[in-house]
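As you go down the protein sequences, you meet chains A and B in turn. First residue of the first sequence? That's 1 in the working numbering, and the numbers climb one at a time after it. First residue of the second sequence? That's 1 in the working numbering, and the numbers climb one at a time after it.
Simulated from the structure, these hints should not be mistaken for lab results. A few of these clues could be false.
No distinction is drawn between identical chains; accordingly, a pair holds when it is met within one copy or between any pair of copies.
To be verified - Cross-link-like lysine to any residue pairs, in silico, SDA-like; alpha carbons within 25 Å at most:
id: 1; residue 1: 277; residue 2: 225
id: 2; residue 1: 277; residue 2: 292
id: 3; residue 1: 169; residue 2: 118
id: 4; residue 1: 277; residue 2: 266
id: 5; residue 1: 145; residue 2: 225
id: 6; residue 1: 145; residue 2: 58
id: 7; residue 1: 50; residue 2: 178
id: 8; residue 1: 145; residue 2: 291
id: 9; residue 1: 242; residue 2: 296
id: 10; residue 1: 325; residue 2: 271
id: 11; residue 1: 169; residue 2: 95
id: 12; residue 1: 145; residue 2: 55
2 protein chains.
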Amino acid sequence: MSPRKISQQRRANVNIHDVARRARVSIATVSRVVNRISTVDPELAKRVWKAVNEVGYVPNTQARALVSGRSHILGLIISEITNPFFPELVQEFDNLAVAQGYEVMIGSTSYDPARTESLIARMLQRNVDGVAVMTFGIEEDLVQKLVEHGFPLVFVDAGPDLPNVRVLKVNYGEGIRQAVQHLAALGHRRIAFISGPLEMRTAATRRDAFSRSMAELGLVVPAAWIVEGRHTMESGKAAMEKLLAAGELPTAVICSNDMTAIGVLHALDETTHRVPKEISVVGFDDIHLTQFTLPPLTTVQMSCHDLAAAAVEALRAGIEPDHPKAAQREWPIRTHLVVRRSTNFPRGTLPALGKAGVRDKVERRRVD
Amino acid sequence: MSPRKISQQRRANVNIHDVARRARVSIATVSRVVNRISTVDPELAKRVWKAVNEVGYVPNTQARALVSGRSHILGLIISEITNPFFPELVQEFDNLAVAQGYEVMIGSTSYDPARTESLIARMLQRNVDGVAVMTFGIEEDLVQKLVEHGFPLVFVDAGPDLPNVRVLKVNYGEGIRQAVQHLAALGHRRIAFISGPLEMRTAATRRDAFSRSMAELGLVVPAAWIVEGRHTMESGKAAMEKLLAAGELPTAVICSNDMTAIGVLHALDETTHRVPKEISVVGFDDIHLTQFTLPPLTTVQMSCHDLAAAAVEALRAGIEPDHPKAAQREWPIRTHLVVRRSTNFPRGTLPALGKAGVRDKVERRRVD
DNA sequence: GCTGGTTTGGGAAACGCTTTCCAGATTCCG
DNA sequence: CGGAATCTGGAAAGCGTTTCCCAAACCAGC
Numbered sequence: 001m002s003p004r005k006i007s008q009q010r011r012a013n014v015n016i017h018d019v020a021r022r023a024r025v026s027i028a029t030v031s032r033v034v035n036r037i038s039t040v041d042p043e044l045a046k047r048v049w050k051a052v053n054e055v056g057y058v059p060n061t062q063a064r065a066l067v068s069g070r071s072h073i074l075g076l077i078i079s080e081i082t083n084p085f086f087p088e089l090v091q092e093f094d095n096l097a098v099a100q101g102y103e104v105m106i107g108s109t110s111y112d113p114a115r116t117e118s119l120i121a122r123m124l125q126r127n128v129d130g131v132a133v134m135t136f137g138i139e140e141d142l143v144q145k146l147v148e149h150g151f152p153l154v155f156v157d158a159g160p161d162l163p164n165v166r167v168l169k170v171n172y173g174e175g176i177r178q179a180v181q182h183l184a185a186l187g188h189r190r191i192a193f194i195s196g197p198l199e200m201r202t203a204a205t206r207r208d209a210f211s212r213s214m215a216e217l218g219l220v221v222p223a224a225w226i227v228e229g230r231h232t233m234e235s236g237k238a239a240m241e242k243l244l245a246a247g248e249l250p251t252a253v254i255c256s257n258d259m260t261a262i263g264v265l266h267a268l269d270e271t272t273h274r275v276p277k278e279i280s281v282v283g284f285d286d287i288h289l290t291q292f293t294l295p296p297l298t299t300v301q302m303s304c305h306d307l308a309a310a311a312v313e314a315l316r317a318g319i320e321p322d323h324p325k326a327a328q329r330e331w332p333i334r335t336h337l338v339v340r341r342s343t344n345f346p347r348g349t350l351p352a353l354g355k356a357g358v359r360d361k362v363e364r365r366r367v368d
Numbered sequence: 001m002s003p004r005k006i007s008q009q010r011r012a013n014v015n016i017h018d019v020a021r022r023a024r025v026s027i028a029t030v031s032r033v034v035n036r037i038s039t040v041d042p043e044l045a046k047r048v049w050k051a052v053n054e055v056g057y058v059p060n061t062q063a064r065a066l067v068s069g070r071s072h073i074l075g076l077i078i079s080e081i082t083n084p085f086f087p088e089l090v091q092e093f094d095n096l097a098v099a100q101g102y103e104v105m106i107g108s109t110s111y112d113p114a115r116t117e118s119l120i121a122r123m124l125q126r127n128v129d130g131v132a133v134m135t136f137g138i139e140e141d142l143v144q145k146l147v148e149h150g151f152p153l154v155f156v157d158a159g160p161d162l163p164n165v166r167v168l169k170v171n172y173g174e175g176i177r178q179a180v181q182h183l184a185a186l187g188h189r190r191i192a193f194i195s196g197p198l199e200m201r202t203a204a205t206r207r208d209a210f211s212r213s214m215a216e217l218g219l220v221v222p223a224a225w226i227v228e229g230r231h232t233m234e235s236g237k238a239a240m241e242k243l244l245a246a247g248e249l250p251t252a253v254i255c256s257n258d259m260t261a262i263g264v265l266h267a268l269d270e271t272t273h274r275v276p277k278e279i280s281v282v283g284f285d286d287i288h289l290t291q292f293t294l295p296p297l298t299t300v301q302m303s304c305h306d307l308a309a310a311a312v313e314a315l316r317a318g319i320e321p322d323h324p325k326a327a328q329r330e331w332p333i334r335t336h337l338v339v340r341r342s343t344n345f346p347r348g349t350l351p352a353l354g355k356a357g358v359r360d361k362v363e364r365r366r367v368d
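Could you build all of it, start to finish, from the sequences and the hints given here?
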């Protein structure tokens, strides 16, 4: 029976002493070998590695953490794991963190202060090395709570001006300008915007980026065409219904996030207005789902991968003493437009054709 | 300046000695108080708690884990966090685990053996108290790897027959029978089924449940009407297209999961066949998204909450020495039909009415 | 062959906590 | 009132690492 076989049969309670005994060295030497400290004679190191494999030694992370003071755990705080944007972010973040030798402790606030408080307490107990707050919200008390404890922190868009805080600066303007210009290039002049909840800083920023891009092109947006949603499918649907009821209809709608845009698609599906033939719709975020909507959604991509990569690096910069970018406070994130099929020329500027006959479902207007 | 204020300003490096000194007791007493061991004089305990709050003491979890041998971390292995079914499961699992004083370490296999191996190694290093494998797949090597280490394990549907292994037995038949009977009650006779990948045990089980339920009613299913998908939206679309191309069209399609059903909806959207007027569609899982499809999907609910609750309890049963259900190997999970709007009478059996009129009728009926 | 400097490897002290052991104090019962 | 039983809190022994410090071993040079 091979030694490997033996190691597999036992519970993982073999410790550094077992290895030391088997390799006939001290535990200090084993520790040095395992941690790749170069002052160990190569021959001896080989003997130690052999012993490690033979007894199936796995270093105990909690003991390590206890003595080193670093848990190698990164906290990641999001709003809700059931919001489709976040799983993608979580996955990227996890991949990258693991690649750097960290574990991730995920927590969602669910917009509940009590829950958030307990979450922070747990992260504190587990002694996380740093926390990334990617809620895209403000949640002042959350920020306050975290800042007090002094570990490295990463926020999105904005954060308190402290040495341990780093901020991911998303360039919303870039992508939104591209969206506006894309629509303008198609011939749209009458463009509406459905924002997120404006108490959320990111929502206000996105809306401002829209207004600025429109102004740049000399296009005016009636007040009634900027309507506030809540970044949910339901709110998007409601907002679109409001737009439909408000007299003159825009030829295009830009949404502050993709779920809102999906809600808009649903609202329009209940009317005679077809997307993109009669009205164009643009989302924001580029969640996976947008590829599968009917029609696939033109949207501004904010890359989860970039976001996650910047978050992990910024955290490492705060944690690891000699990280090259240790002093960098702001980390830029780019955005750009992804054109799919929910945008087209404004209605009336093209002959009717295509699969309209097939796709037309209900000819009746919604009764309201 | 209040003591609370002081505690907030310092890094969390206050330890049990600080509390002991402040409360003028021994560290043993502090430990007993914090761990709620009842042999301590209430007055003294109060003094200790006061000191705890004053200095802002947070017990160090790693030190605790080191000495107690229990990490209070539960491993949760899923397939992919970006599959909409899993975030809901993760959230429920996390909530319940936290409520029981555990932390959750999540990992997704992404169907990649190398990744899975590293995942298990990490769980081992972090010394998880137990692992729930909720991939709904088989992944024999994963199972093998985990079993070797002897910690409590929970699987779905089936698992090796070992003392430390517990199995969540999902009663697929129950919900699928309800689905078939619901369709039959509406008048459907010609029902197709789109399965998951059949090498996945759960997919085969679901398909068998369908065949059995059909047989019970004396309904025959042509071989061409049982088509294999891959539990993805794309595969559901492809499978429906296959069904459309296969000559005679069924009046209803039951799918092995919701993503497949959404794919079916997409495929049909590109044809003249309307759902549910001309063809009924039933999903399985009841993910959040099904409420928002067009039309909202009738589906068999497999409650994430029940699943998560059973997983956490089964794990606890394996971990905590005197858990009441310590000996229970199988944990039943029920399923049942949720009727929404994607099912209706078979085409040709009803005069053409407005959508609303039909819907109202459908909503009146019941399944037994 | 001895001195002085440089490697190497080992012993032992942390890290922060739980838990056991034990001594002293108190209560109880005959 | 004495001995047993119960209770309380302090001291100390780990838990599995890393790391500091020192001793042994080695090498070169005189």
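Cross-check of the supplied hints:
For the identical chains of this complex, residue 277 and residue 225 are intra-copy neighbours only, at 20 Å inside a copy versus 36 Å across copies, given an alpha-carbon limit of 25 Å. Taking identical chains as interchangeable, the C-alpha atoms of residue 277 and residue 292 lie at most 25 Å apart whether they share a chain (18 Å) or sit on different chains (23 Å). In this assembly of identical chains, the alpha carbons of residue 169 and residue 118 never lie at most 25 Å apart, being 28 Å within a copy and 33 Å across copies at closest. With identical chains, the CA atoms of residue 277 and residue 266 are at most 25 Å apart both within one copy (15 Å) and between copies (19 Å).
For a Cα distance limit of 25 Å, the shortest separation of residue 145 from residue 225 qualifies neither inside one copy, at 38 Å, nor across copies, at 58 Å. For the identical chains of this complex, residue 145 and residue 58 are inter-copy neighbours only, at 15 Å across copies versus 36 Å inside a copy, given an alpha-carbon limit of 25 Å. Within a single copy, residue 50 and residue 178 get their C-alpha atoms no closer than 58 Å, and across copies no closer than 59 Å, so neither meets the 25 Å cut-off. In this assembly of identical chains, residue 145 and residue 291 lie within 25 Å of each other by CA distance neither inside one copy nor across copies; the values are 38 Å within and 37 Å between.
In this homomeric assembly, residue 242 and residue 296 come within 25 Å of each other (Cα to Cα) both inside a single copy, at 23 Å, and across copies, at 22 Å. Neither within a single protomer nor between protomers do residue 325 and residue 271 lie at most 25 Å apart by alpha-carbon distance, with minima of 53 Å and 55 Å respectively. In this assembly of identical chains, residue 169 and residue 95 lie within 25 Å of each other by CA distance solely inside one copy; the values are 22 Å within and 32 Å between copies. For a Cα distance limit of 25 Å, the shortest separation of residue 145 from residue 55 across copies, 16 Å, qualifies, whereas the shortest one inside one copy, 45 Å, does not.
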